[in-house]
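Given these sequences and hints, build the entire structure.
Sequences listed follow chains A and B, in order.
Counted from 1, the first sequence has number 12 at position 12 by this note's numbering; the numbering is strictly sequential.
Counted from 1, the second sequence has number 8 at position 8 by this note's numbering; the numbering is strictly sequential.
For the record, the hints were derived by calculation from the structure and aren't laboratory data.
Don't be surprised by glycine CBs; every beta carbon is placed ideally from N, CA and C.
Among the hints, erroneous ones may be present.
Pairwise CB distance ranges, derived in the manner of DEER restraints [as the list claims (entries may be wrong)]:
no.	chain 1	residue 1	chain 2	residue 2	range
1	A	A17	B	S13	45 to 55 Å
2	B	R207	A	L2	45 to 55 Å
3	B	R280	A	A13	26 to 36 Å
4	A	L5	B	L7	51 to 61 Å
5	A	A13	B	Y345	36 to 46 Å
Derived list of chain B stretches under chain A, where covered just means 3 residues or more per stretch with a C-beta under 8 Å from a C-beta of chain A [what the hints assert, rightly or not]:
no.	region
6	114–127
7	208–220
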Amino acid sequence: MLNALWIVLLGMAIIFAVLGILLLVMVLLSRLVRPREKEEQKG
Amino acid sequence: MAAGEFLGFLSLSWQAIVMLVVGGVLIWLGVAKKVEPVLLVPIGFGCILANIPLGGAAEEGGFLAVLREAGIHTEIFPLLIFIGIGAMIDFEPFLQRPYTVLLGAAAQFGIFGTFFLAYLLGDGWLHLLNFSLQDAASIGIIGSADGPTSIYVATTLQSKYAAAIVVAAYSYMAMVPIIQPPIIKAMCSKEERALKMPSVAGTISQRTKILFPIITVLVVGLLAPKATPLIGCLMFGNLLRECGAVERLSLAAQNELANIVTILLGITVGGMMAGTEFLRPETILVFILGIIAFSLDTVAGVLLGKLMYVLSGKKVNPMIGACGISAFPMSSRVVQKLGLEANPYNHLLMHAAGANTAGQIASVVAGGVMLMLVPMFS
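What follows is the structure in structure tokens.
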């Protein structure tokens with residue numbers, strides 16, 4: 001039963017970690033990409 | 001030659017009769033009630049074919065058995081379906097509200113909670129049912145609310161209950177408008193349900209939309225490698241859609257590929273519903289646990305939604321947490337409808353769609369995590 005409990009705890013922790021990192025990357029990406037597009041529009 | 005060897009009705013067992021009725025009911029639900037007809041009609045017909053005595057369609061060498069070997073056991077069908085799904089999904093609502101990915105993560109608790117419960121009922125503690133760790137994980141994955149992920153995980157883990165799991169996953173996806181509203185209403189006050197969220201969000205550049213599938217594959221693949229085939233196919237389909245250079249391939253993935261594989265997958269899943277294997281007490285338990293999985297998903301998503309509601313100073317409607325479940329787009333429609341019921345000017349659809357598409361990614365990650373952890377702890 002302990003092994004199942006570990007799977008639950010680790011599973012949820014890994015999901016939040018993976019998706020949290022994806023969230024950070026996407027936020028970074030949106031900040032990096034948008035200014036260049038504005039510059040292109042000005043040009 | 002005895003008459004019973006070539007007259008099918010003389011060989012009808014009670015299990016076959018029950019399953020022929022079940023097949024008929026599935027077709028009726030699809031045709032008359034318009035409940036997921038694209039899936040239920042092929043599944044129902046496959047079920048009828050598999051239960052005609054002496055027909056041999058689902059027995060070794062029969063065409064349904066060949067399809068099962070070629071498409072399900074090799075995991076090709078769910079992966080090909082994911083290319084089509086990826087090409088159909090517009091991730092813009094999610095990219096406009098990236099925080100919704102956390103709602104998607106929370107709503108995967110149904111998978112793990114149900115897995116734990118199934119394992120306790122089986123080999124883990126009570127030994128009431130013949131549920132191994134692999135079976136429990138496969139049953140839990142019904143909570144991914146995602147048919148292809150359920151098929152992929154159940155077949156990879158070689159669960160004895162793969163057919164029941166797949167049918168439960170698809171059936172409950174169709175039943176999201178029945179399962180979710182009472183839970184959401186019980187958890188959210190009318191004031192919370194009526195909360196409007198800003199309807200206009202920032203626009204997403206084409207470059208971001210193209211980079212998103214590539215970055216997602218890299219992040220998810222490098223951190224949860226077992227999810228790579230599923231997330232890879234989903235994001236490949238999405239790249240075809242968003243890159244703008246291969247419209248022909250994108251349309252083929254959305255239409256021809258998705259439709260052909262849906263037909264083959266549906267009839268093959270139906271072909272796995274042979275009465276002698278399907279009608280067991282465990283099958284009923286699988287269906288009960290499936291409802292529990294969907295309910296726990298909803299509860300966990302709404303709970304995180306409520307936390308966001310408090311932390312944001314009442315700017316996030318907690319109901320959108322329920323859309324972290326991956327049943328796209330049914331769950332978004334449910335929340336939109338409940339929002340309008342509480343406040344006729346409350347349009348939550350795009351916010352709900354953001355959480356819903358985030359749930360699609362999260363459910364794939366959850367499937368990969370399950371495939372990674374179960375062999376480690378077996």
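Open item on the list: Run through the hints listed earlier and report the numbers of any the structure violates, in increasing order.
Closed with: Violated hints: none; all satisfied.
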